[in-house]
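Since each chain sits alone in its own frame, please combine them into the complex, following the hints.
Here is how the chains run, residue by residue.
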Amino acid sequence: MLDEKIATLLKDIKRLKDKLREKEKLLFVHLQEKNNNLTTCKYSKGLTKEEITRYSRQMLVKEIGLEGQLKLKNSKVLIVGAGGLGCPVSVYLASAGIGEITIVDYDDVELSNLHRQILHTEDDIDHPKVNSIYDKLHSINRNLKIIPIKQHMDSHTIKQLLDSNTFDVVVDGSDNVATRYLLNDACVLNNIPLVSGSALQLEGQLTVYNYNGGPCYRCLFPVPPPPETVTSCGDGGVLGPVPGLIGVLQAHQTILILTNSSDGVLSQRFLVFDGSSATFRNVKLRPRNINCAVCGDNPLITELIDYEQFCGAGAHDKVENINILSKTQHIEAEELPKKLGTSLILDVRPHLQFDLCHLPYTTNLPFAEIEKPDALDLVKRLVKNIDADNEVIVLCRRGNDSQRAVSLLKQKLSDLPVNFLNVKGGLHAYSKYVDSDFPDF
Amino acid sequence: MDIKVQFGGGAELLFDNKKHYDISLPSKEKPWIIGDLLFWLKEHLLKERPDLFLQDNSVRPGILVLINDTDWELMDTVNYEIQLNDCIMFISTLHGG
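For the record, the sequence lines run as chains A and B. Be aware that the first sequence starts at 1, since it is given in full-length UniProt numbering, and climbs by one per residue. Be aware that the second sequence starts at 1, since it is given in full-length UniProt numbering, and climbs by one per residue.
All clues stand as given, with none of them false.
Only pairs whose alpha carbons sit at most 27 Å apart, straight line, appear in this in silico DSS-like list of lysine-lysine:
1) A:K372 to B:K47
2) A:K23 to A:K49
3) B:K18 to B:K47
4) B:K4 to B:K47
5) A:K34 to A:K49
6) A:K73 to A:K159
7) B:K42 to A:K372
8) A:K412 to A:K384
9) B:K18 to A:K284
10) B:K19 to A:K372
11) B:K47 to A:K380
12) B:K19 to A:K284
13) A:K284 to B:K4
14) A:K159 to A:K145
15) B:K28 to B:K47
16) A:K76 to A:K34
17) A:K338 to A:K424
18) A:K338 to A:K410
19) A:K318 to A:K159
20) A:K71 to A:K159
21) A:K412 to B:K47
22) A:K73 to A:K23
23) A:K380 to A:K412
24) A:K45 to A:K62
25) B:K18 to A:K372
26) A:K384 to A:K338
27) B:K28 to B:K4
28) A:K318 to A:K432
29) A:K17 to A:K145
30) B:K47 to A:K410
These are calculated hints, taken from the structure and not from any lab test. Keep in mind that this is a model prediction, so the values were computed, not measured.
The shape of chain B in the complex, shown without the other chains (with noise of 0.2 Å):
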């Protein structure tokens, strides 16, 4: 299943300095949810330290998740169902000013 998956805000430093990635999910017998993908993108393209990007499961404190442009928490979180061509954002919040 094919989707894109986008980094910012300084998340994308986890993910080789890139904030773009195309990504095919192998396909599986139960459909696939965002909890799925969180320890996908860990084994696969997380480069730096893992504890900077999941906690307890689900991503660390001070990072929003986007799908489709839309807050997860509106989404059901973890357990959202990934469609096809879905854009999942992954988005470190800044504090600079």
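Pulled out of the complex, with its shape left as it was, chain A reads as follows (with noise of 0.2 Å):
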């Protein structure tokens, strides 16, 4: 009975939400139309008088005022990524006047992005992330030209972005090391300052490339990290304020630039946040490489390649499942709930993702000790317990680190009567196919 109430009325918010959204689309033609016949203020220059009250608490500081107010306002930015970072840098820059915000996601939203990407909500959820910022920019803000484009950044996306439009700034907002160095070419070949911020757990960073003669990301790191080295949000966690305070950050950055005031940009410097101490760390760099590969004196790259090849990884940070057991070496999902009880299944996702939620009868091993003596001795003691089968199953978040496993248990245990064997898909596919009531996360 409850159960059907709530779900009519959020349907009937969706319903209304949708009708909002047409409302509001309408809404901005009309007001576009006004906007280019409207004169400015006759008692100031270039801003209507909405504008002045409007931005007036900013323009009363003197390193912006009318005259920097114009500028944000004849600007055009780019912003890619529309998660954790994305949101604060957009909300910022559109509340600030920015004249033209295009932001870039392929992306959902999800719900373990909520408590992050502040302008997504509950009802976006299964949406386009480029939609909902849309939306809560243009309640915000109606002045403004804001452009959300559903779309994956490669070198071929964003050549047609950058042919067919000029931006002023271009602020990183991705979450994966291909993307980063795509951006960083792009901005040189083209000439744009970017703003570069990133986070994870409860570290941030953040710096400007390409600005004034500055280093940029090659100059830094012209070598790509390990793939094995780059922890993502998904894999590492990520605690809201972190990313928030960098893109809270990157938006002042960006109104820096825009507004000339180059004393406080953070190029060739690196600002360091530690949430774990609460610090700061103001990092002075080296200068722009004259050998650099991209924006040296001579440079070797002259137009865009492939990221994902030079980067030995996707350009997202999604993780890409692998495969390197026999079939033989598998038990589908929908096997387990018979085996929980009865065979000897380790976990071997990390001891906090097994706090989070785990399965009954299951020991936690996790993936990263399992090759120390004390985990292979604990292995052999547990399977001197089991009786039936002769089958130690194991199992992990995706079912990667469990194959991973499989192939290393069977490796330095190969004495034991015992067949090591995979849960296809992991906890995923137990949640998708077996229990939906399992945590998905």
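Printed below as a string of structure tokens:
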């Protein structure tokens, strides 16, 4: 009964919101038309009466003033990523009156985004992130031109974007190494400053590349990191305020660049926030490298390359599934229920994940520790206690580490008379195909 | 010689998940340079895979080395002579957003 009432209300709310969105779109068309004919305030210069009131509090700051506000109004900014960084960046830039904001992201909103991606709401789940950002920005400031683009950024798409429009600043709010190199090279080749932010767990980093003769990303990192050293927010976790803080600072840097307040721009400087000690570090960086492959005096890279190939990793932060075992070394998630309590089941996720939620009758033995003698001894002892089947079932979040674990255990414990088996698709598959009460994260 | 060694951005995971170390380098004939420190750290503090910290006698790509909050590229990199009370930081770059 209650469930039914809730479902009906949610449905009604969604319908009304869709209707609202339609009206907003219509309103925007009329407003555009009106703004085209709108004369600026006869008592001022270049701004309307409404704009003077709206932006008065920041125009009273002497570094902005009327001149600075006009620069912001006539600026175009490209934001790549509509996530933990893109949300705070875009909301502050829209509020500050940047005339045209293009925001690019290929993802849809998920429930696990909401703790940090502050412009998305429960009603936006499964809808494109750029659409929900568009709605929010538009409701904050109807004067601006906001261009949402649901697209994956690669060499081809960014070239199209940069050929068809001119941007004063690009903001990097992406979540992977390949996109970071892509944006760097695109910005160097098109002579656009790049405001780069990143965050993971309790730490955030911020700098500005390719500004006023300063270094670019490649000057600092000519060689991409080994893919296995790169951790995503989905695996390592991230505390919401950390990307929030970095994103807000990215908006601040963008405003400084657009208003020519160059002293405050973090070019050849690197700001590091460590939330575990609540400390900032402002680090002095090397200058532009004259031998840099892209911004050096004799560049080797004169057009965009294949960045996924260059980095040896995909231009996204999703896990790529592996398949390293033979067919006979797997069981399906659907077979798990009858094994619970009868077979030895090792859950090889990190302790933190095991603590969040786990199946009954499973033993936690993190993959990171599995090669250590203590862990192997534990497996040997546990195996002694099993009688039936002579099988050890290995389980993890998505079914990748468990395959690696099966392969390792088979090799290290080849003298044991047991068969190590992997659960295909891991707990994700269990939640999807067996019991949807098991949390999906 | 007493110095501070710090890790950040995930580099601490290779060093027992500790971000701060106060260490005392044993005295030796020649001055301590960062190059020596890298191998000292590998021998004494590194807990996980060495290849995720060192490659070709330097730090692996993606780790910035800071000497008293200054990029080591401005300080002669591996050849910098370590001074008493220096703070040497190894910071891995983040990519999440």
